[in-house]
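Undergrad: Below are the chains, spelled out letter by letter.
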Amino acid sequence: MNDELVEQIKSNPKYQELVKKRTSFALKLGIFVLVMFYAYILTIAFEPNIMAIKTGEGVMTIAFPIAAAIILISFITTLIYVKRANGEFEDLTNAIREDVKDKL
Amino acid sequence: MTRIFLIITTIFGITLFAAGDASFEATKRELNIPAIVMFFIFVAGTLGITYWAARRTKSASDFYTAGGGISGFQNGMAIAGDYMSAASFLGISGLVYLSGYDGLIYAVGFLVGWPVILFLMAEKLRNLGKFTFADIAAYRLGQKEIRTLAAFGSLSVVTLYLIAQMVGSGKLIQVLFGLEYEYAVILVGIMMIIYVTFGGMLATTWVQIIKAILLLSGVSFMGFMVLSQFGFSFEALASKAVESHSKGQAIMAPGGFISDPISAISLGMALMLGTAGLPHVLMRFFTVGNAKEARKSVVYATGFIGYFYLVIAVIGLGAIVFLNSDAGAQYFVDGKLFGGNNMAAIHLSHIVGGNIFLGFISAVAFATILAVVSGLTLAGASAISHDLYASVINPNATEEQEIKISKISVIIIGIIGVVLGIAFEQQNIAFMVGLAFAIAASANFPILFLSIYWRKLTTRGAVIGGSIGLLTAVILVIIGPIVWVQVLGNEHALFPYKHPALFSVTVAFIAIWFFSITDKSQRAKDEQKAFEAQSIRAETGFGASGAVDH
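Respectively, the protein sequence lines represent chains A and B.
The letter at position 88 of the first sequence is residue 88 when you use the working numbering, and the numbering goes up by one with no holes.
In the working numbering, each number is its position in the second sequence, counted from 1, plus 104.
FYI, nobody ran anything at the bench for these hints, they're computed from the structure.
The reader is advised that the hints may include incorrect statements.
[Unchecked claim] So the derived list for chain A, only partly shown, Cβ under 8 Å to chain B, looks like this:
| # | residue |
| --- | --- |
| 1 | V35 |
| 2 | V59 |
| 3 | F75 |
| 4 | Y81 |
| 5 | I96 |
Bear in mind that the values here come from a model prediction, so they are computed numbers and not experimental data.
C-beta: ideal position from N, C-alpha, C; glycine also.
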């Protein structure tokens with residue numbers, strides 16, 4: 001990729017839009033998952049007793065539903081990201097490609 | 105009087121032991137046949153695939169990435185297959201069996217790495233890379249230095265992960281076929297060498313897909329059978345497990361397994377960041393035709409893996425209940441679970457599904473090991489042939505030469521895996537995987553991450569910092585409790601924590617940062633300037649070779 005093309009793509013508003021939107025979207029989802037996971041790990045590390053709190057009269061503790069929820073949420077966030085990336089972001093990328101296709 | 109009592113107890117003891125032993129021998133003989141038949145069906149099928157793949161594998165791209173012709177769904181299955189290794193299946197269910205909830209922390213950590221990789225890395229990795237993860241780091245940095253370092257990072261991870269798989273396979277065949285541990289490990293080594301040298305990535309991927317389907321069906325059946333005994337109530341299963349386990353209610357919450365905050369955080373870090381640095385998983389992003397399919401494959405993979413781990417929790421608790429019941433007594437020899445705690449799921453399969461199902465699960469578990477070691481070995485071989493040989497040692501190498509070196513590397517890695525698999529026989533395999541993740545997180549991840557996101561990264565920073573990260577992780581593992589005390593037999597560990605990631609990842613990041621910003625050379629300036637073009641390609645994929653350039 002030569003310097004001229006780099007400049008051209010960089011100044012393309014669609015490129016700026018793509019990078020801005022995708023970066024902020026990925027960052028938000030990423031931070032969400034990280035915060036969730038580290039909240040879990042830090043609870044285990046410093047206050048394991050919280051995980052031993054029972055959900056009812058029986059032996060069940062909140063630790064199990066929490067683990068299941070983290071697994072489920074991880075999947076859902078993945079799905080959300082891919083829906084948007086394969087739709088909106090992919091369209092933007094194709095539009096940029098269209099703008100510079102002679103030089104690629 | 106005492107003497108008579110002693111004699112009686114001795115005789116009784118011996119008889120009891122003999123009876124227990126005999127019944128186990130009997131079970132083993134009975135179940136041998138369906139297990140062996142199913143195993144040979146699998147081996148025959150996969151060798152057929154290898155033959156088919158061998159005829160289609162001509163270029164280096166075919167060999168490393170299956171020519172990029174794998175669909176998103178297939179690749180998702182294959183990624184899930186790489187993840188649902190014997191270490192996950194046998195190790196995590198064994199950990200749940202042994203200490204309850206603690207085993208699930210591994211499962212959660214393994215899974216949560218996925219979304220983060222997808223959001224922050226997968227896209228850019230795919231757009232920048234070609235065959236291996238070193239391609240990405242070497243995009244604007246010094247080829248030779250980066251590739252050499254990356255190859256060593258990959259090889260360390262591959263070797264450790266391979267040991268874990270080999271240990272699992274040896275134990276498994278011991279129980280299943282009654283074959284000696286050493287022969288079992290050698291058998292796995294030979295099979296894997298055949299798959300990879302002849303069939304390359306195409307065969308490896310299909311072996312992985314088939315195994316993933318079989319494994320998912322197998323664990324689903326097991327989970328179903330366990331829950332059906334408790335009216336499909338997880339609560340009822342858990343209360344029976346608490347009743348059966350010697351630790352009682354303690355198994356329902358995190359406990360002794362992760363004993364202190366530093367270990368917990370360190371393990372969490374290793375599991376999460378390590379996923380992003382696993383060479384055999386990264387390679388899978390290049391086997392699909394385009395970025396869209398690559399993203400889809402991550403969704404499928406996350407779904408399958410998540411489901412798998414949820415079922416593993418059921419299986420682990422089921423093992424606690426059933427193996428501690430009357431029906432489970434036959435699986436114990438001298439008060440220890442036959443084949444070790446990693447075999448809990450295998451014994452459970454016999455209880456819930458009889459001999460035929462035990463045969464099925466054993467064959468699948470063995471197939472799992474074959475498939476995962478094949479993927480690992482291919483990643484290790486690519487590091488040697490693509491990164492070390494074709495880029496550093498002989499830059500004028502032809503594709504044929506490169507593939508030839510790959511195949512030789514496969515054989516060597518296979519032999520190393522066998523030797524180390526025998527040496528590390530006594531280790532818990534999920535723990536070995538934890539170590540592999542620690543190294544992936546400390547050596548591979550920081551370089552990958554910073555090369556994508558940090559303009560100021562220079563070759564000097566990456567090479568010195570990455571080496572320091574790798575060395576720190578390896579040294580801390582060696583002087584830590586597992587190797588220093590358990591393997592080398594010293595009394596006290598020099599480094600008190602089992603999981604070094606917290607320290608080694610931090611050291612790696614700081615070292616890379618420091619040696620980059622202090623690099624004032626012209627080369628460093630050029631590398632920093634090249635970030636612009638790299639970031640456009642990482643964002644858009646323009647100019648990416650793609651995997652379909654043959």
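Undergrad: Evaluate each hint against the coordinates.
TA: Do the hints match the structure? See the list:
| no. | hint | verdict |
| --- | --- | --- |
| 1 | V35 | violated, 11 Å |
| 2 | V59 | holds, 4 Å |
| 3 | F75 | holds, 5 Å |
| 4 | Y81 | holds, 6 Å |
| 5 | I96 | holds, 6 Å |
Of the numbered hints listed earlier, the single one contradicted by the structure is hint 1.
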